[in-house]
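> Those protein sequence lines, which keep their order, are chains A and B. Residue numbers for the first sequence follow our numbering, beginning at 62 and rising by one. Residue numbers for the second sequence follow our numbering, beginning at 230 and rising by one.
You may find that some hints are simply not true.
For lysine-lysine, the following DSS-like pairs were computed, each having C-alpha atoms within a straight-line distance of at most 27 angstroms [said to hold, decoys possible]:
{"id": "1", "chain 1": "A", "residue 1": "K95", "chain 2": "B", "residue 2": "K344"}
{"id": "2", "chain 1": "B", "residue 1": "K396", "chain 2": "B", "residue 2": "K461"}
{"id": "3", "chain 1": "B", "residue 1": "K344", "chain 2": "A", "residue 2": "K102"}
{"id": "4", "chain 1": "B", "residue 1": "K385", "chain 2": "B", "residue 2": "K461"}
{"id": "5", "chain 1": "B", "residue 1": "K385", "chain 2": "B", "residue 2": "K398"}
{"id": "6", "chain 1": "A", "residue 1": "K256", "chain 2": "A", "residue 2": "K233"}
To be clear, the hints were calculated from the coordinates, so they are not data collected in a lab.
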Amino acid sequence: MKINKEKISGIVFLLIALSALSVLALITIFIFIKGVPIITKVGFFNFVFGMVWDPSHGAYGIFPMIIGSVSVTLGAAILGVPVAISCSIFLAEYAPAALSNIVRPAIQLLAAIPSVVYGFWGLLFVVPAIRNYLGGPGLSILAGSIILAIMILPTIISISEVSLLALPRQYKEGAYALGLTQWQTIRSVLLPAAKSGIVAAIILGIGRAIGETMAVIMVLGNAVAIPQSILDPARTLTTNIGIEMGYASGEHQQALFATGIVLLVIVMILNAFAQYVTRRK
Amino acid sequence: MSIKMLIRLMLRFKVKNMKIAIVVCRPKRRICTAVSVVILVLAVSLISACSNLNKAGIIVAGSTSVQPYAEVLAEEYMILHPDAVIDIQGGGSSAGIMAAQSGTSDLGMSSRILKDDEKSLWYVEIARDGLAVIMNPANPILNLTLDQISDIYSAKISDWSQVGGTKAKIHIITREDGSGTRDAFVNLVMGESNITPRAIVQDSNGAVRQLVADDPNAIGYISLGLVDDTVKALQLDGVAATRDNVMNGSYGLSRPFLFVALAEPTGQTKQFLDFVLSPEGQQILINEGLISPSEGTGK
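Excised from the complex, chain A in its bound form:
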C-alpha cells in the first residue's frame, strides 16, 4: 500500500514536471513552425546578414538588429561587470555581517523592480541627461547600456558572491599563513579559484541583457540602421519583435518569429557556454 502511494506521488510529480518541460517544447516548436518559412524564402544568409529591414517593401534583413543587440549588451557588460564584481568581492570578503545583511537584500530588490519601471526612469532621467550633456537625440546605445548595466547587477553580484563564498576556507587560511594581505589573497588566490563561477555569472548577466525588451524599447530609439556611435539610436532583436508585433501580419509576422529563432539560438548558446564553464574543472 505504502509503496503504491510512493509510486503514485512519483508519477504525479513526473507528469507535472513534464508539463513544464512540454511548454518549453511547445514554444520552441511553435516559433520554428512560424519562423522557418520566411527564413527559407528569404534565404538564411540574406536574413541574418541582410542590411535592410523594411517589411512593407518585403525586405527582411536583421543584421542591424544583431549589431544593435551586441553593442548594447557589450556596453552593459563594460559598465556593469566591474561594478558587479567589486560589489560581490565587497560582500563576500570586506563587508561586516551587519552591513552585508542590508546590502544583499537591497541588491535582490534591484532584481524585483519591473523592467518597465527601469525603462521609464531611463526615459525621464538618463535620456534627457545624455541629450543635454553629450548631444544627439538622447535615445541611444549609451542610454540602453546604462539601464541594462543596472539591470544585470543583481544576477552577476549574487552568483559571483556565492561562488566566492563557496571556496574552501583552507584557501584563505593558507594564503594568510603565507603572509599575504587581504587584497593579495583576494587577487591571487580567491578570484582565480572562483573564476569559473564568476565567468558563468557574467555570461548569465549577458544573457539577461540580450533578452531584455521593455526597458530597452523605451530608451534605445529603435532605429533600424547600424549605429555609428554610442550616441546613435539602435534596435535590438528583442525590441524588433516588441515594437512591431502589434501591427504585424503575414510575412511580417513570420519574420518577427524568425527574429525570435535567432534570439533563442543566441541565448541557448550563451547558456550552454555558462554551463560548460561552471562544470569545467
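Since the structure of chain A is provided, determine the placement of chain B on it from the hints.
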C-alpha cells in the same frame, strides 16, 4: 497575561498538531496538493471560458489610432445601454481588418483606406483625422512644404539650417512599420521615397509627442486630435493644421477612420454603429478633436 498564555497554549497545540500531521500524511498531502492544484487550474480556466461565452458582446479590434475614440464611444454607449458589452481591442489597422475578415471581431477599426484585396468588406467612415507634423515649441520654424518634410524624412535634408532654422542636426521620429499613422504619413507625404532607417522609431502617438516635447531638434507626426500645447503643429505650405482647414480640404494631411465588417452589421453591432453615426455619437468624436465626415468635403 491570560491572553498571552492562551496564545502560547494555542501555538503549542497547533505546532504539535502540525508536526503530527506532517509525520503521518506527508506523501498523501503532496499528492492531494498537486492534484488539487491541477484541478483548480482546470476549473478556473473552464469557468472563465464559460463566462466569456455567456457574455458575448461586441468585439471591436484594430487601429490603435481609432482605439481611444472607440473606447469613449463604447463607454457612452454602455451608459445608455447597460446590458451591452463592448470590448475594444488594439492590434493595428491590418490586424483589425483581418479580424473582421475572419470573424474573430464583429467590427474592425482601420485608420487607413482599404487596400484593393480588402475592398470586398463592408465599411463605413466614422470620422476623419488630420495628421499633424509636430515640432518642439522652441524650434523657430513654423512652416514647411510637403517636399521639405519628405526630404527630411528621407534624410536628404539633415540639418535644420537647410530649411531656415538654426544649425542643428534634425532628430527624425517616426512610427513603427505597420502602424496606420505611419502608413497614412507615407501615402500622403513620402510619395516614392522611403523613410530613412536612421529615424527613431516609437510605437505610439503619445511616445512621439513626448519625445518631440522634450527635444528641441526633433520632428514627428501624430494625430491632429492629440496635439496639445507641449508641441507645435507645423503649417503645411502656409496652411495651418486646424480642424477647419482639414474640413475644407486646404490642409492635405488627413485620413479616414473606418469601421469594417464582413457584411453589413445587424442586431447589437448595428445598434452600436447607429449610435456612432448618430448626431450624439458624432458630437462625442468632434469633442475629442476628430472631424465628422458629414461636416465637410474632406479630400
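> Take the hints in turn and mark each one as holding or not.
Checked hints:
no.	hint	result
1	K95(A) x K344(B)	holds, 25 angstroms
2	K396(B) x K461(B)	holds, 19 angstroms
3	K344(B) x K102(A)	holds, 24 angstroms
4	K385(B) x K461(B)	holds, 23 angstroms
5	K385(B) x K398(B)	holds, 12 angstroms
6	K256(A) x K233(A)	holds, 15 angstroms
Checked against the numbered hints listed earlier, the structure breaks none of them; every hint is satisfied.
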